[in-house]
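Colleague: Listed below are the residues making up each chain.
2 protein chains.
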Amino acid sequence: MLEIEINRNSTIPLHQQIFEGISDRIRSGGIADGERLPSIRVLAKKLGVSLMTVVKVYERLEKSGFIIRIQGKGSFVNNDMKASMKTGYEEEKYGWQLAISDYVPRNRFDHYFTPHETSYQLSVAAISPGLLPNRYIKSEIYKTLEEHPLILSKYGPIQGDEELRYTMSKYLHKQNIHISPDDILVTSGAQQGIDLIARTFIGPGDVVVVEMPTYSAAIDTFRNRGATIIGVPVDENGMQMDILQNVIEKYKPKLVYTIPNFHNPTGHVLSDSRRRKLLLFAEEYQFLIVEDDPWSEIFFEKAPPHPIKSYDSHGHVIYIKGLSKVVAPGCRIGILIANGILLARLLVSKANVDLGSPMLTQKVILPLLDSERIEKHMEKLRFALKLRRDKVTDILSANLPEGIRWTVPKGGINIWLTFPVTCHTDDLLIECRKRHILFLPGSSCFSEEIEKNHLRISFSFLPEELLEEGVVKFCEIVTGFMNK
Amino acid sequence: MLEIEINRNSTIPLHQQIFEGISDRIRSGGIADGERLPSIRVLAKKLGVSLMTVVKVYERLEKSGFIIRIQGKGSFVNNDMKASMKTGYEEEKYGWQLAISDYVPRNRFDHYFTPHETSYQLSVAAISPGLLPNRYIKSEIYKTLEEHPLILSKYGPIQGDEELRYTMSKYLHKQNIHISPDDILVTSGAQQGIDLIARTFIGPGDVVVVEMPTYSAAIDTFRNRGATIIGVPVDENGMQMDILQNVIEKYKPKLVYTIPNFHNPTGHVLSDSRRRKLLLFAEEYQFLIVEDDPWSEIFFEKAPPHPIKSYDSHGHVIYIKGLSKVVAPGCRIGILIANGILLARLLVSKANVDLGSPMLTQKVILPLLDSERIEKHMEKLRFALKLRRDKVTDILSANLPEGIRWTVPKGGINIWLTFPVTCHTDDLLIECRKRHILFLPGSSCFSEEIEKNHLRISFSFLPEELLEEGVVKFCEIVTGFMNK
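Protein chains in written order, with our numbering: chain A, 1047 to 1530; chain B, 1047 to 1530.
Just so you know, not all the hints are guaranteed correct.
[Stated by the list, open to error] Only pairs whose alpha carbons sit at most 20 Å apart, straight line, appear in this in silico EDC-like list of lysine to aspartate or glutamate: (1) A:K1200 x B:E1511; (2) A:K1189 x B:E1186; (3) B:K1300 x A:E1186; (4) A:K1184 x B:E1192; (5) B:K1189 x A:E1137; (6) B:K1200 x A:E1049; (7) A:K1092 x B:E1051; (8) A:K1200 x B:E1192.
[What the hints assert, rightly or not] Partner residues are not named here, just some residues of chain A that face chain B (Cβ under 7 Å, in silico): (9) W1142; (10) L1178; (11) S1185; (12) L1196; (13) Q1237; (14) D1241; (15) G1249; (16) G1251; (17) T1267; (18) Q1286; (19) M1287; (20) K1298; (21) D1400; (22) M1405; (23) T1407.
[Stated by the list, open to error] Beta-carbon label-pair distances, calculated as ranges: (24) B:P1203 x A:R1181: 51 to 59 Å; (25) A:K1189 x B:E1330: 44 to 52 Å; (26) B:K1422 x A:K1189: 28 to 36 Å; (27) B:T1468 x A:E1295: 57 to 65 Å; (28) A:E1495 x B:L1196: 37 to 45 Å; (29) A:R1115 x B:E1108: 49 to 57 Å; (30) B:E1108 x A:R1322: 18 to 26 Å; (31) A:P1203 x B:S1085: 34 to 42 Å.
It should be emphasised that the hints constitute simulated quantities derived from the structure, not laboratory data.
Where is the CB? At the ideal position from N, CA and C, for every residue including glycine.
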């Protein structure tokens, strides 16, 4: 059963909202291949919209290849990925569950159900355990537990451990962000930060602007709140401000989500002047900026410009930072910074979500963040990851056929490859999987008007030999694929 | 700005949905005392409903004391708690943020901002650190980290650590629940389990049935998804099935949330025959049951009946269990069990929420759950908590004035006290706070038709001497309060 949330007061037309709701669900396997959609009449009645609106939606769905309409029989889903969340359940026992509607219109279905045995996970955007200070952290855990055994047995404050918030406020001074520990909320990873913002401030029909392409899980999270996502293309200086201005004037967004430093997936850096411009837009048009900043410390030439948050004097920017990511990913700890009356509302959501992040994981990453070692660790990471980047781009240069372009990122962990428009990386992925190679298909990084001729590989996760082997094999497969 | 989500296809009338949206926000401080509501005409237009509908809502708001209407001037919020999320922000800097609407209509505002310095926290429903196996867990952490140092540096599966899921499937055999590790999703505490279910399956206008009273954070979580909550009263055998049947027939709920064992806050146990009846209703009327089971092991006489999940053959029951709660609350780990196509959808939500719970906290509680020690630990808890219950009920019997009734719970950690209807425990709380005593006011455990003459104290959290002192002082204050 379809559950589509619409907003009659949105700047986005109703037919567009409904189209997004249905197409996302088909793409995600929430409606299975071959399933029949409700009739135009039934859906119009259910949603309280005119017949013409639904006619428009079904026409567009057909034109985009999402459904096939058979005269006198109805409209049937045409999902060429054949992905379905309903695969493999026992129909006799659980068939009644099909009538239980849900509110997760979009998901990278494929991603969640990929077996983890693949050898060459070029898809994983995380730091290789070999580059992380495991031994130091382990010895610090022992010390921490001797000194504060109660962290195992006590709930912490919903807002997060006070010591960690204090340490982070100091740490961020170095990035020119001057805030009080009271402006910080500790989250279970940066992903939870995005989700808390989405569930607190975004609802059906709200407009969220993102870079195009962008972090795919951010698209999922905002879409699952019923938002319409508008993508603004990026160039080597980040999000293009003239296009953004048009989008803002036309759609009145509630929120702009940006990854200014070594942007995921393209690796570009938002220039200083564009950062200031973006903030000026936010002040003029009164929207929120979500500044997601996982990799600012991982630069290979010079440090990126100061965060947008560092100029923010009226609380337009909510700044998100994953912490455990570069230190101890098994801890899943991040922070967000919000000022004024935004934080109180985010705090309510945090309480609803999980009553606060675990004390144990917060205390585990604290000693490193609080010591001078963190600087040395970052230096080490910069050095090691730059070598990896060079290695991988060398292999790509030597082995990839002509017609493929890629970025040489000046920081971060990702390389974004662009193929000729006729090459679909979803198809390439099928070939790669057979040889145990995974990458992130570019299609998952677009909300609409999906470009299928990109892909992302991360050079940070695999052990070095596997990384080299994997990229060489990847190039072989690509060469074969392009010659087909 | 008011953001109220309504559903035209709900069994709940629109005026009722809108009334709930506004009254919850006022009660939570989301709309401040003295603030002016939009005019009837403006709100009707915004929501796309008739003027009469909004007239009805405002009349009821006035009648219930939530607003005061002044001829020619408008309708003004009358929040006698004076709680406001907008207190203390710098208006000049952040005033523009007032225009940013949010989607958190209900919260126990008061709860989140209570300073933690109170000495006698009779409000905290958690186990005293002194009763927890800290030393054992600490030594096991050391072993675990020596053997598997990578748990610090690797993301785990979104569904949760496989070993923990396997161990839990075995553990639950003892409770007659026979499921596969694949049916389990590891959550960051039981609270996240409730939230995942709410965000996946519940939307505006859906009807959720709960026990009346119930766990206040569950009300918040479902309300924040726009659900209408219908409460069914409990007696000493739990939720009353004849009333439930009427509610089901009238409102067609999508979900029934129940705490069958040592119910929070009343302490009652849902009888075996009612458990079976509830499941029959779910099968007949095709709704979901959420069975929240934190305390089944903590019984003082005999073990409670088997969980509803143990009879569930068609996947109607989603079973939630907090694990770290009775073992190492600083870890915030729980599980949920769901069958069929429900789990795949919950898994998508889990990915959106946080990409999976931390590996560290999952591995930390594993050794205890996997050893025979867990049985001994539970026995110890039963013994110690029974002594505490007896102590506290003795003090109450000896010291409380006449006219106050309470349960003597046969398990769990809470005592529910009922005062004469004219006694408001919200007022009593103000008195108690002055003497550094906190309890949970009963008003937060009701969704509508709030009964103000109850309160909950937990006897599990404070160290023993503080507990006794605190309860004695509490009785003194109550006596003074009743004699006023």
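Colleague: A separate judgement is required for each hint: does it hold in the structure or not?
Modeller: Hint-by-hint comparison with the structure:
Of the pairs offered as hints, the one joining K1200 of chain A and E1511 of chain B holds, with about 19 Å between alpha carbons and a cut-off of 20 Å not exceeded. With a CA separation close to 15 Å, the supplied pair K1189 of chain A and E1186 of chain B stays within the 20 Å bound. For the given pair, K1300 of chain B sits about 48 Å from E1186 of chain A by alpha-carbon distance, which is inconsistent with the 20 Å threshold. For the proposed pair K1184 of chain A and E1192 of chain B, the alpha carbon gap of about 9 Å is at most 20 Å, so the pair holds.
A C-alpha spacing of about 44 Å is found between K1189 of chain B and E1137 of chain A, which places the hinted pair above 20 Å, so the restraint is violated. With a C-alpha separation of about 36 Å, the suggested pairing of K1200 of chain B with E1049 of chain A is violated against the 20 Å cut-off. A hinted pair counts as satisfied when its Cα atoms are at most 20 Å apart, and K1092 of chain A with E1051 of chain B qualifies at roughly 16 Å. Our distance criterion of 20 Å between C-alpha atoms is broken by K1200 of chain A and E1192 of chain B, whose separation comes to about 25 Å.
For W1142 of chain A, the shortest C-beta to C-beta distance to chain B is roughly 5 Å, which falls under 7 Å, so the interface hint holds. Taken as an interface hint, L1178 of chain A checks out: its beta carbon lies about 4 Å from the nearest beta carbon of chain B, inside 7 Å. Restraint check, S1185 of chain A versus chain B: the minimum CB separation of about 10 Å is more than 7 Å; hint violated. With a cut of 7 Å, the hint placing L1196 of chain A at the interface with chain B holds, because the nearest CB-to-CB distance is about 5 Å.
Given the 7 Å rule on beta carbons, the hint for Q1237 of chain A holds: about 5 Å separates it from the nearest Cβ of chain B. Taken as an interface hint, D1241 of chain A checks out: its beta carbon lies about 5 Å from the nearest beta carbon of chain B, inside 7 Å. For G1249 of chain A, the suggested interface contact is upheld, since its CB lies about 5 Å from the closest CB of chain B, less than 7 Å. Because the beta carbon of G1251 of chain A sits about 10 Å from the nearest beta carbon in chain B, more than 7 Å, this interface hint is broken.
Look at T1267 of chain A: its Cβ gets to within about 5 Å of chain B, closer than 7 Å, so that hint holds up. Hint on Q1286 of chain A is violated. Least Cβ distance to chain B is approximately 25 Å, over the 7 Å limit. Below 7 Å, beta-carbon pairs count as interface contacts, and M1287 of chain A has none with chain B, the closest being about 21 Å; its hint is therefore violated. Given the 7 Å rule on beta carbons, the hint for K1298 of chain A is violated: about 12 Å separates it from the nearest Cβ of chain B.
Interface restraint check: D1400 of chain A against chain B, minimum CB-CB distance 5 Å, threshold 7 Å, status holds. Look at M1405 of chain A: its Cβ gets to within about 4 Å of chain B, closer than 7 Å, so that hint holds up. Below 7 Å, beta-carbon pairs count as interface contacts, and T1407 of chain A has one with chain B at about 5 Å; its hint therefore holds. Take P1203 of chain B and R1181 of chain A: their Cβ atoms lie about 25 Å apart, and the range 51 to 59 Å is violated.
In this structure the supplied range 44 to 52 Å is violated for K1189 of chain A paired with E1330 of chain B, their Cβ-Cβ distance being about 58 Å. Between K1422 of chain B and K1189 of chain A the beta carbon distance is about 29 Å. The supplied range of 28 to 36 Å therefore holds. The hint said 57 to 65 Å for the Cβ distance between T1468 of chain B and E1295 of chain A, and at roughly 59 Å that hint holds. One distance hint, 37 to 45 Å for the beta-carbon pair E1495 of chain A and L1196 of chain B, holds here, with the actual separation near 40 Å.
At roughly 52 Å, the beta-carbon separation of R1115 of chain A and E1108 of chain B lies within the given 49 to 57 Å, and the hint holds. Between E1108 of chain B and R1322 of chain A, the C-beta spacing of about 49 Å breaks the proposed range 18 to 26 Å. About 40 Å separates the C-beta atoms of P1203 of chain A and S1085 of chain B, a value consistent with the hinted range of 34 to 42 Å.
Consistency note: the structure conflicts with the earlier hints numbered 3, 5, 6, 8, 11, 16, 18, 19, 20, 24, 25, 30.
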